[in-house]
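Engineer: Listed below, chain by chain, are the residues.
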Amino acid sequence: MLRYTLIRIIWIFVILVTILSVNFVILQSAPKYPPTEVDERDMWYARQVSDGYFSTRVERDPEVVRQLDEGEYERRTNGLYLREEFTDSETGETAIQYRIWEPVPIPTQYFRWVRNIVTEWNWGVSTTVSANRPVFDILAERIPVTVRLNIVALIFYIPVGFGLGIWAALKKNSLADNIISVTVMVFISIPSFVIMLLLVLTFGYQLDWLPRRFPPANATGAIRYTSMVLPVLGLSFGSIAGLTRLTRAELTEVLTSEFLLLARTKGLTRPQSVVRHAMRNSMVPLVPSVIASFVGLLSGSVIIEQIYSIPGTGRIFIQALEHNNYDFNLILGITAFYTIIGLFAVLLVDLSYGIVDPRIRMGARK
Amino acid sequence: MAAEYNKEELANLKKSDFQPVEKDKKIYDKKFETKPVGYFRDAMTRFAKNRTNLIATIILFTFISLAILVPIISPKPTTGFHTNVTNLPPRVPILENWGFMDGTRFIRHQPVDRSTIDPETGIGLPYAEHENPAIRTYNHDFIDMDTLYNVTETCDFRTDERCYGGEVTMRVTGEVSLITLLSQNIYDFDPTLNPYITLGVPSESDIRSLSVLIDSNEDGNFEKVLTVTDGSGRLPEAIHDFDIFDLVDEDDAFSSRIKVEVTNVAENLNPSLSLEVFDDNTPPTMIDDFVSAGMQIVDDAFLFRRNTTSQYSFNESARPTLEVTIENIQQYNIEEYALMVSLDGGNSFDILDTFTSNGTYYIDVFDAIEIDANIFSSALRLEFLSENLDAKPDISIQKFNTPSILTNYNIESSNYTMTVSNSQSVSFNPNFEPHIDFEILDIIGDSKVNLQLLTNGSNYQTIATFTEAGPQSIPVFDNINRTTTFSSEIRFQVISEDSNGGIMFDYISVFDNREDEPRYHYYGYTLGQWGITSGRVSGTRQRSNGVFAYAYFRYDDYGAAFGERYSRAFSANTYYRIIEENADICGEPQVNPDNPAEWSFNEGCPITRVVGRNSGVPGPDGTEFYTYRLFYNHGFMEGFEETPYFFFGTTSQGQDLFALTWLGLRTSLTLGLVASAINITIGIIYGSISGYYGGKVDLIMERFSEVVGRIPWLVTLSIFMAIFGPGALSLILILIVSGWISVAGVTRTQFYRYKGREYVLASRTLGAKDSRLIFRHILPNGIGTIITASILMIPAVIFTEASLSYLGFGIGHGQSFRLFGLIELSGVSIGVLLSDGQSAMLNRPYLTIFPAIVISILMITFNMFGNALRDAFNPSLRGSE
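Line by line, the protein sequences give chains A and B. Residues 1 to 366, numbered by the working numbering, are exactly what the first sequence covers, in order. Residues 1 to 881, numbered by the working numbering, are exactly what the second sequence covers, in order.
FYI, nobody ran anything at the bench for these hints, they're computed from the structure. All residues carry an ideal CB built from backbone N, CA and C; glycine is no exception. There may be inaccurate statements among the hints.
To be verified - Distance condition first, Cα-Cα at most 30 Å in a straight line; then the derived DSBU-like pairs of lysine-lysine:
id, chain 1, residue 1, chain 2, residue 2
1, B, K755, B, K769
2, B, K696, B, K755
3, B, K49, A, K172
4, B, K259, B, K49
5, A, K171, B, K49
6, A, K172, A, K266
Said to hold, decoys possible - Only part of the chain B face toward chain A is listed, based on derived beta-carbon distances under 10 Å:
id, residue
7, I369
8, A373
9, N374
10, I375
11, T465
12, A469
13, G470
14, Q472
15, S473
16, L699
17, R703
18, V707
19, M721
20, I798
21, I830
Said to hold, decoys possible - From chain B, some residues computed to sit far from chain A (all C-beta separations above 12 Å):
id, residue
22, A56
23, S342
24, Q424
25, R577
26, E706
27, T716
28, F862
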């Protein structure tokens with residue numbers, strides 16, 4: 001068990017590093033969009049130099065200056081070339097110089113990036129969304145909003161999903177089961193953002209029962225709670241349908257098994273046999289699926305946040321991905337956040353099999 | 001027969017006793033009663049058994065055919081901008097008769113035009129026209145009056161005239177205060193003595209304006225005689241002097257205290273200023289009893305000294321001042337004069353001042369020496385040095401008293417003050433007995449309110465003062481002696497001891513006896529427009545409890561877009577052209593028997609009724625050009641022979657949503673099919689290799705697909721957005737990146753299942769290559785399972801495509817692209833349509849509802865179809881997902 005856990009952790013770590021590295025290298029080779037305000041831009045370049053991603057120098061060689069003037073010099077992507085006049089302090093002559101910021105080679109950038117994160121927890125600064133603000137600060141402000149929403153959705157959907165699934169399985173082929181099955185089919189099929197749009201349209205705009213958009217962070221009173229209703233519903237309908245279907249399928253299978261018949265013949269009542277034997281056994285695939293569904297909720301909430309103007313990580317990710325105005329450091333930070341959560345959930349899923357069902361031996365050789 | 005056999009015979013049966021039944025018929029010639037069923041036929045039978053799935057499949061294929069056919073057949077626009085058909089609601093031929101999807105829509109929450117309110121019902125209509133383009137307008141002819149109702153909400157928009165009624169509260173903010181100073185002394189003003197006052201404003205004062213008030217009638221009413229202001233800023237350091245009798249109307253002598261009103265910044269309630277009152281009452285005393293001839297030489301150093309023979313009295317309250325004039329100081333080589341007084345009766349003298357040059361000097365005696373007493377008497381002593389024995393001083397001295405210096409004053413009151421006025425000149429004619437009526441709902445704080453009018457063209461006169469709330473009616477000329485007409489702004493001055501005091505008005509009206517209606521009525525919005533007219537903005541205005549009426553009604557958009565309209569100036573050329581072209585429909589004009597200037601045409605004619613002809617204008621060639629006032633069919637003029645049907649309504653660009661939806665669906669389906677085909681191809685190849693070779697190859701390929709499968713879609717999205725930007729290419733790549741993995745997994749399982757079979761082994765022993773084994777032997781056996789398992793990928797891909805396009809990362813309007821140079825697709829997909837519709841969820845929900853329903857039904861039926869197909873082909877998997 002310990003060996004298996006260790007191998008899984010190492011493997012997950014390898015995947016994590018691979019994904020983040022590939023992401024970093026590809027994004028760094030794309031054109032960047034430094035802040036457009038001169039002051040902010042200068043601060044940004046200074047910051048890049050101090051973080052080690054750029055080198056800076058002053059070019060006074062007349063030949064190089066001429067090449068720069070006439071466009072013969074091969075300018076680097078993301079480089080900044082500022083043409084200035086300067087006065088030579090010895091001769092007193094005025095000439096042209098270039099102040100140049102150029103990115104260092106990507107492998108060097110990559111190692112400095114890793115070093116900055118590992119030693120200083122420095123994820124870089126934002127460029128366009130909130131110029132020169134540390135990415136981690138922006139994330140730290142947004143993550144609680146998203147995570148709170150998702151946890152509320154999780155708390156809401158698990159009992160409902162289990163309950164409906166169990167009900168459908170116990171009353172198999174009854175009217176209730178058929179209704180539940182059809183509803184599950186519908187909600188599994190419809191994209192969550194369509195459900196969310198229809199919810200907002202109906203309850204927000206047409207009936208005017210609930211807020212039409214998420215209130216600002218300083219809102220007080222009932223709106224803080226009523227504004228959670230629609231995003232939680234929008235997030236959890238699909239998950240409820242999935243969980244109901246899985247619970248129903250698993251429980252139906254267990255309910256027809258011989259050991260349950262044995263339990264009944266030993267004299268257990270039906271509720272006893274269902275709770276003690278059937279439920280326990282059907283939990284085996286359900287618990288991991290619930291853990292995995294959290295990741296699904298989290299990435300599904302990106303689009304829900306966009307529809308309902310929720311100031312969470314998903315919405316800022318969409319902002320950072322604005323066409324031709326990308327905020328790469330922020331994108332890197334957010335994708336790292338989602339990747340870490342996703343992979344951590346995968347690890348939990350793997351380990352939870354052994355905890356829920358002792359018969360499964362982790363890493364056992366066949 | 002059986003009974004004939006006995007035991008012996010049975011014991012001795014020979015072979016020949018046995019004969020095969022139906023020996024001459026061959027059993028393998030016999031046909032089975034049941035027909036052998038093929039794999040596909042069997043699957044189809046199972047498929048058809050499930051009624052629900054069959055219906056789902058029929059719907060799915062209907063949708064797919066619509067997606068293919070509608071964009072080709074539909075003549076309605078899906079691109080470009082079409083002014084006349086924008087924002088039309090859904091209209092469907094048969095359903096419209098049932099009052100459903102009939103081209104009308106229920107419109108909520110539109111501001112009511114106050115002027116349209118029906119006095120009986122109290123219900124108003126929305127604006128038919130408004131100068132502000134942000135306010136939507138509705139043609140009243142096409143509002144369904146049976147559904148019209150109003151909802152009122154309270155409002156407090158001070159400057160929005162649609163907000164009606166309510167109270168207006170005006171408050172001082174405490175930024176500027178009014179301080180009233182009152183002198184302790186009563187001063188006598190005699191016109192013969194030419195009294196004048198000087199106002200001294202110190203440097204860096206907080207004073208913004210100064211007013212002097214004098215009670216010239218001695219009746220206790222102080223009249224403002226003088227105001228000093230400097231625009232809206234602080235007064236600069238200066239001394240202002242004014243003649244009293246130039247300022248007051250009085251010609252006779254009078255006595256009065258002096259009152260000064262200081263407008264100050266609020267922090268400093270004790271202004272520093274000087275105010276002095278002078279007159280000719282105390283003429284200066286000439287001090288000329290220095291005996292010039294008899295200057296006494298005091299010592300050898302030629303110090304000359306001389307005392308006056310008279311004693312002079314000095315009284316501090318009179319601020320005695322000496323005016324010293326020196327001429328010819330150089331004549332006798334006099335270096336310096338010293339002027340002295342004695343405080344102890346002549347024993348010793350103190351120097352008042354010394355003079356070294358010609359000029360006139362003023363010496364304030366009590367400033368010049370230190371003295372305890374208020375009154376003293378002394379001779380004056382003059383000393384100077386000169387070597388010339390004939391030296392004579394040439395000096396003249398006058399002593400005069402400053403009679404009244406206003407040094408003692410009491411702060412009578414310090415108030416916060418504000419004036420508000422209507423910024424509109426109102427004329428008051430005494431013949432019509434004008435009166436101003438108003439109701440003060442509340443006076444906030446300890447405040448006093450003055451109603452002021454500009455009665456003499458320069459000064460505001462208070463005509464009434466209130467300290468309590470209640471309705472008031474003030475006749476203007478009761479307190480004013482004048483009999484001439486004057487015009488003035490109506491001004492209320494609020495004086496409050498409270499820094500937040502104020503006044504709450506309900507209405508203010510001006511009446512006169514000419515008519516019952518008020519000539520000016522300020523109420524709600526108009527009252528909210530009253531301005532704060534203090535020197536600086538020192539008050540706030542606030543409206544509360546106003547009423548904002550909103551109209552709710554059903555509106556016939558099609559009627560408004562295509563129905564009858566009225567034109568004030570319809571070109572005669574167009575008129576004749578239309579009548580000529582439609583002569584068979586319109587027929588002869590039927591002139592109204594009551595009014596020969598009006599005529600109408602047969603029903604169906606584009607011009608329905610003419611109500612008049614405008615006077616002609618002579619054209620360049622001498623003929624006259626007319627225009628008509630008439631009603632015409634707008635839809636016909638815009639090229640619509642009859643009112644069109646837009647099943648799903650139209651977008652804000654005037655594009656047909658019905659055609660757009662199917663066009664978008666076609667794009668989504670095509671992208672889904674293409675991406676799925678690529679995914680299935682990649683997945684099959686990858687899975688085949690992985691499953692066929694097994695071992696280390698399989699292990700490495702499995703690890704690779706695991707890593708790829710673990711990449712969150714956000715990472716994939718950001719990478720492709722950064723490299724390629726939004727568009728079809730990125731979209732397909734994003735759909736492909738991890739889409740193939742599930743197919744590869746299924747394929748791999750199939751390969752593990754079949755690769756050990758005997759026929760594969762046989763083929764291999766015959767020398768078949770790997771590729772032949774994979775593609776000719778194993779794959780064909782597994783392909784059915786693989787395809788049916790992969791069919792659900794198409795809805796999943798459509799799902800992702802719609803989400804990405806909705807977020808703006810997929811395709812978008814105006815794009816059109818070719819896939820492999822063959823299929824041309826428009827940039828519209830369901831996701832794009834949903835994204836467009838989101839901005840108009842309140843009033844045009846159909847823009848969201850129809851695309852949402854279409855994609856939902858597509859997804860549901862596609863999933864059901866996929867599941868049914870898989871169940872049919874692979875019954876063992878039934879029920880599991």
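Engineer: Taking the hints in turn, state whether each one holds.
Structural biologist: Cross-check of the supplied hints:
A distance of roughly 14 Å separates the Cα atoms of K755/B and K769/B; the hinted pair therefore holds under the 30 Å criterion. In summary, the hint linking K696/B to K755/B is supported, as the alpha carbons are separated by about 17 Å, within the 30 Å threshold. Between K49/B and K172/A, the direct Cα distance comes to roughly 20 Å. Compliance with the 30 Å bound is thereby established for this hinted pair. For the suggested pair K259/B and K49/B, the alpha carbons sit about 107 Å apart, so the restraint of at most 30 Å is broken.
Taken as a hint, the K171/A and K49/B pair is honoured in the structure, with Cα atoms around 24 Å apart against an allowance of 30 Å. At roughly 24 Å between alpha-carbon atoms, K172/A and K266/A fall within 30 Å of each other, so this suggested pair holds. The interface hint given for I369/B is broken, as the beta carbon of that residue sits about 65 Å from the closest beta carbon of chain A, more than 10 Å. Among the interface hints, the one on A373/B is violated; its C-beta lies about 71 Å from the nearest C-beta in chain A, farther than the 10 Å criterion.
Against a cut-off of 10 Å between C-beta atoms, the interface hint on N374/B is violated, since the closest Cβ of chain A lies about 68 Å away. Contact between I375/B and chain A, as hinted, is not supported at the beta carbon level, the nearest pair being about 72 Å apart and thus beyond 10 Å. Taken as an interface hint, T465/B does not check out: its beta carbon lies about 44 Å from the nearest beta carbon of chain A, beyond 10 Å. Interface restraint check: A469/B against chain A, minimum CB-CB distance 34 Å, threshold 10 Å, status violated.
The interface hint given for G470/B is violated, since its Cβ lies 38 Å from the closest Cβ of chain A, which is over the 10 Å cut-off. For Q472/B, the interface hint is violated, the least distance from its beta-carbon to any beta-carbon of chain A being 42 Å, above 10 Å. About 46 Å separates the beta-carbon of S473/B from the nearest beta-carbon of chain A, more than 10 Å, and the hint is not met. Because the beta carbon of L699/B sits about 13 Å from the nearest beta carbon in chain A, more than 10 Å, this interface hint is broken.
With a least beta-carbon distance of about 8 Å to chain A, the hint placing R703/B at the interface is held under the 10 Å criterion. The beta carbon of V707/B comes within 5 Å of a beta carbon in chain A, closer than 10 Å, and the hint placing it at the interface holds. Interface restraint check: M721/B against chain A, minimum CB-CB distance 5 Å, threshold 10 Å, status holds. With its C-beta approaching chain A no nearer than about 9 Å, I798/B sits inside the 10 Å limit, and its interface hint holds.
Annotation: interface hint on I830/B holds; nearest CB of chain A at approximately 9 Å, less than 10 Å. For A56/B, the requirement that its beta carbon stay farther than 12 Å from each beta carbon of chain A is not met, with the minimum near 9 Å. The claim that S342/B is not at the interface with chain A holds, since no C-beta of that chain comes within 12 Å of its own (minimum 75 Å). Under the 12 Å C-beta cut-off, the non-interface status given to Q424/B relative to chain A holds; the minimum distance is some 41 Å.
In this structure R577/B is separated from chain A by more than 12 Å, as the shortest Cβ-Cβ distance comes to about 46 Å. At the 12 Å boundary, the C-beta of E706/B falls inside the reach of chain A, the nearest C-beta of that chain being 7 Å off. With 12 Å as the threshold on Cβ separation, the claim that T716/B sits away from chain A is violated: the shortest Cβ distance comes to roughly 9 Å. Taking the minimum C-beta to C-beta distance to chain A, about 7 Å, the non-interface status of F862/B is violated against the 12 Å cut.
Hint check: violations occur at hints 4, 7, 8, 9, 10, 11, 12, 13, 14, 15, 16, 22, 26, 27, 28; the rest are consistent with the structure.
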